[in-house]
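Given chain A, put chain B in place with the hints provided.
As you go down the protein sequences, you meet chains A and B in turn.
Using my numbering, read the first sequence as starting at -10 and increasing by one per residue.
Using my numbering, read the second sequence as starting at -10 and increasing by one per residue.
Certain hints may be false.
Stated by the list, open to error - Here are the simulated DSS-like pairs of lysine-lysine, each with C-alpha atoms no more than 30 Å apart in a straight line: (1) -3(B) <-> 248(A); (2) -3(B) <-> 118(A); (3) 83(A) <-> 393(A); (4) 248(B) <-> 118(A); (5) 84(B) <-> 68(A); (6) 117(B) <-> 84(A); (7) 154(A) <-> 117(A); (8) 154(B) <-> 122(B); (9) 17(A) <-> 248(A); (10) -3(A) <-> 83(A); (11) 19(A) <-> 307(A); (12) 68(A) <-> -3(B); (13) -3(B) <-> 244(A); (14) 68(B) <-> 83(A); (15) -3(B) <-> 248(B); (16) 248(B) <-> -3(A); (17) 399(B) <-> 68(A); (18) 391(B) <-> 68(A); (19) -3(B) <-> 244(B); (20) 307(A) <-> 84(A); (21) 297(B) <-> 17(B); (22) -3(A) <-> 118(B); (23) 307(A) <-> 154(A).
Hints in this document: simulated from the structure, not taken from any laboratory.
Number of protein chains: 2
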Amino acid sequence: MSKAIPYKIYLEEHEMPTCWYNVRADMKNKPAPLLHPGTLQPMTAEDLAPVFCEELIRQELDNDTRDYPIPQEILDFYKMYRPSPLVRAYCLEKKLGTPAHIYYKFEGNNTSGSHKLNSAIAQAYYAKKQGLKGVTTETGAGQWGTALSMACSYFDLDCKVYMVKVSYEQKPFRREVMRTYGASVTPSPSNTTNVGRKILEEFPGTTGSLGCAISEAVEVATSTEGYRYVLGSVLNQVLLHQSVIGVETKIAMDKYGIKPDIIIGCAGGGSNLGGLISPFMGEKLRGEADYQIIAVEPASCPSLTRGKFVYDFCDTGKVCPMAKMYTLGSGFIPAPNHAGGLRYHGMSSILSQLYHDGYMEARSVEQTRVFQAAEDFARVEGILPAPESAHAIRVAIDEAMKCKETGEEKTILFGLTGTGYFDMVAYERFHDGQMTDYIPTDEDLQRGFDGIPPVNL
Amino acid sequence: MSKAIPYKIYLEEHEMPTCWYNVRADMKNKPAPLLHPGTLQPMTAEDLAPVFCEELIRQELDNDTRDYPIPQEILDFYKMYRPSPLVRAYCLEKKLGTPAHIYYKFEGNNTSGSHKLNSAIAQAYYAKKQGLKGVTTETGAGQWGTALSMACSYFDLDCKVYMVKVSYEQKPFRREVMRTYGASVTPSPSNTTNVGRKILEEFPGTTGSLGCAISEAVEVATSTEGYRYVLGSVLNQVLLHQSVIGVETKIAMDKYGIKPDIIIGCAGGGSNLGGLISPFMGEKLRGEADYQIIAVEPASCPSLTRGKFVYDFCDTGKVCPMAKMYTLGSGFIPAPNHAGGLRYHGMSSILSQLYHDGYMEARSVEQTRVFQAAEDFARVEGILPAPESAHAIRVAIDEAMKCKETGEEKTILFGLTGTGYFDMVAYERFHDGQMTDYIPTDEDLQRGFDGIPPVNL
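Only chain A is shown next, with the shape it has when bound in the complex (with noise of 0.2 Å):
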């Protein structure tokens, strides 16, 4: 029995999800653990305590409870923002002339813009209750540290937040938003740490990197009494978080009798395609069900694609534990593209082994193809995407239109991560045709396994 669709269905408050949604509980083939570094054995707890607060250090090894209960603190900061809309795309469908049935989770409703909040607000609660002082963190576009600053705030935690030097001089608008929040930002490499002091001595003008900012983060995490360390991807603890938005969108897709054939997101570090698919997944697993899931990548950092499936180090400093992983190496260095936080050379232990297993498949995109469906739909749907975001738009419209071709009535489900105000300068180059397009050869992907000990486990 379906009753008609609205534009938006919006859960009402008794209706939200108290509990976020563990998928490893459901797989037969776990994910293989985080080794250390220095003894390739699996990280214990007590290995990661000096970095990770303990809840999260709980979370991030247990493969075998399904249900976590969402803290009370932490579902009355959800009523805040959430629950993000899932759309019926109407006009996009009308637009296209397909047959398909095309919807989106919007998550982008929030002031950091995008889904990581979800996960932020966890990671802050779970310090705060631990008693700490503060976190530490890194940020590339600004994303994370953005949606982490709101959640400090809210828990009044100190938030140190060391940015790539070169988007902190350069997205200004970013860094403000922190600080209104009352972060403090630091652009990296920066005088306050070692690891930035010397990399500072030896490259004096360097723009930084990810890879460097991660290195401070930790510094100063583990050598300040109070602060731990906080992540907004990669991690199981974060896709458990980031459930929240399958299990939202799973409980308005059956009120109203819908049930999607495709599902659609696009793959950084997987945190908002792992907590899209996590519940759709776990029918899969368990041969309830079955779905079409689709990861979307940018071509110009392919990793499920043209990646290997090996243990690498998860940050380009390599003082991270090592985790297996599809991964590009973590010497690779990805080209400029536009999509920051797909920028990532790895990939979700989780949704790397699922893919390995063929639950899941891949595609890459390449950004101007991107950035023209990100501006069809903006023009039909309204909302602004995200860059990221738009990989998976491009998808969705590809598998539309595959629709119109073929005559079938297919739904498509697809995650639109957050908001692109933060990014008109990518779209400034894409109107004036000054995008550029950029596929690594062999030889780019080789060189970014230089250096990285194997290992067979």
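The following block gives chain B in isolation, referenced to the frame of chain A:
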């Protein structure tokens, strides 16, 4: 009978307003008519036809029809971003420790980032219905231009925006959003009009003004086949369309048995305040209810609190009709404060009449106190407000703190018109302690009336 009140009240589709409410129908003293600047006679529909669309002229001159059914095409577009949430500011109340109940109607949850879209889509619709090819307008800070470009894109209408040159250069992101929606954006003054060429000849280095941009937009509209000029505030028609804000708010409050004691809105030209208060003011005018209604304006541009209630030009270029309103004089040049949307010398004739007749009050506030309120609000409620909206937040907090002193449990409603994503330069100045307050002297105010002919009607 009141139900438990959620953080955010969203109306369901079947509860949404289907009519705009025309407050003029309930006013005993109607707003004074627009006058022809040459003859000083009331403007007729024929006089206005070369400039405005036919249906919009009918709405502009209609002081009698109370309810205007909203055309289905506009209702369909409203469904894409409306209802806007009515939010109970639980976190702000807690932080202030006030017994007051605070609610805000948030109009920033759409890509244009403000309430301006409510009227933009209506004006674009009537232009399309009349068979026009396109519309012209001016924009300063860019909220109106962005909203209009989105609306024109939806109806496949050409959109020519004259953007004050200094904003065009300093706010390239706003410009790129408009281009994403297919608008042509021209820095004003430009070589595309007679008036622009004349000004450039006289003042080659000028960075432009709103008055000049209006003149260029009107010249293009009246001299190009199939084009008309549209405006985002001040006019009666705009307040009619914006009544959707207030009508939605009232339906949501009635649903939960909430009755506001105080209603607060920022006021530049009056589009937001007029829309928010409309149905409440209607009850007040008909003697069915009483509300304390407060217009908030910048101390640097205090048209209600320090202006005169006289006939004046609507534009600094003196090419548009004259309106009877509270005004600082069309020659008044406001200090460069950071709430571009409130830097207008006059005020809607409807609101001016209501203020003159004692149905509402007005307060002026200084911008550093406004930004302090903006930051306090952002940190607990999550939303990063536009500087304009923060004027209303300032007075809402002030009123809530009075309740704390007296112990009164008043219900306060304010309009949160938009987001501040494109105003981070202002926030940066505030963070860096570089923001100054400016209050014009009586002599400054007198200069605004130089050269304006006295009109007594």
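Verification of the hints:
{"no.": "1", "hint": "-3(B) <-> 248(A)", "in the structure": "holds, 28 Å"}
{"no.": "2", "hint": "-3(B) <-> 118(A)", "in the structure": "holds, 27 Å"}
{"no.": "3", "hint": "83(A) <-> 393(A)", "in the structure": "holds, 11 Å"}
{"no.": "4", "hint": "248(B) <-> 118(A)", "in the structure": "violated, 38 Å"}
{"no.": "5", "hint": "84(B) <-> 68(A)", "in the structure": "holds, 17 Å"}
{"no.": "6", "hint": "117(B) <-> 84(A)", "in the structure": "holds, 18 Å"}
{"no.": "7", "hint": "154(A) <-> 117(A)", "in the structure": "holds, 29 Å"}
{"no.": "8", "hint": "154(B) <-> 122(B)", "in the structure": "holds, 26 Å"}
{"no.": "9", "hint": "17(A) <-> 248(A)", "in the structure": "holds, 25 Å"}
{"no.": "10", "hint": "-3(A) <-> 83(A)", "in the structure": "holds, 16 Å"}
{"no.": "11", "hint": "19(A) <-> 307(A)", "in the structure": "holds, 24 Å"}
{"no.": "12", "hint": "68(A) <-> -3(B)", "in the structure": "holds, 8 Å"}
{"no.": "13", "hint": "-3(B) <-> 244(A)", "in the structure": "holds, 20 Å"}
{"no.": "14", "hint": "68(B) <-> 83(A)", "in the structure": "holds, 15 Å"}
{"no.": "15", "hint": "-3(B) <-> 248(B)", "in the structure": "holds, 16 Å"}
{"no.": "16", "hint": "248(B) <-> -3(A)", "in the structure": "holds, 28 Å"}
{"no.": "17", "hint": "399(B) <-> 68(A)", "in the structure": "holds, 24 Å"}
{"no.": "18", "hint": "391(B) <-> 68(A)", "in the structure": "holds, 28 Å"}
{"no.": "19", "hint": "-3(B) <-> 244(B)", "in the structure": "holds, 13 Å"}
{"no.": "20", "hint": "307(A) <-> 84(A)", "in the structure": "violated, 48 Å"}
{"no.": "21", "hint": "297(B) <-> 17(B)", "in the structure": "holds, 21 Å"}
{"no.": "22", "hint": "-3(A) <-> 118(B)", "in the structure": "holds, 27 Å"}
{"no.": "23", "hint": "307(A) <-> 154(A)", "in the structure": "holds, 20 Å"}
Consistency with the previously given hints fails for numbers 4 and 20, ordered from lowest to highest.
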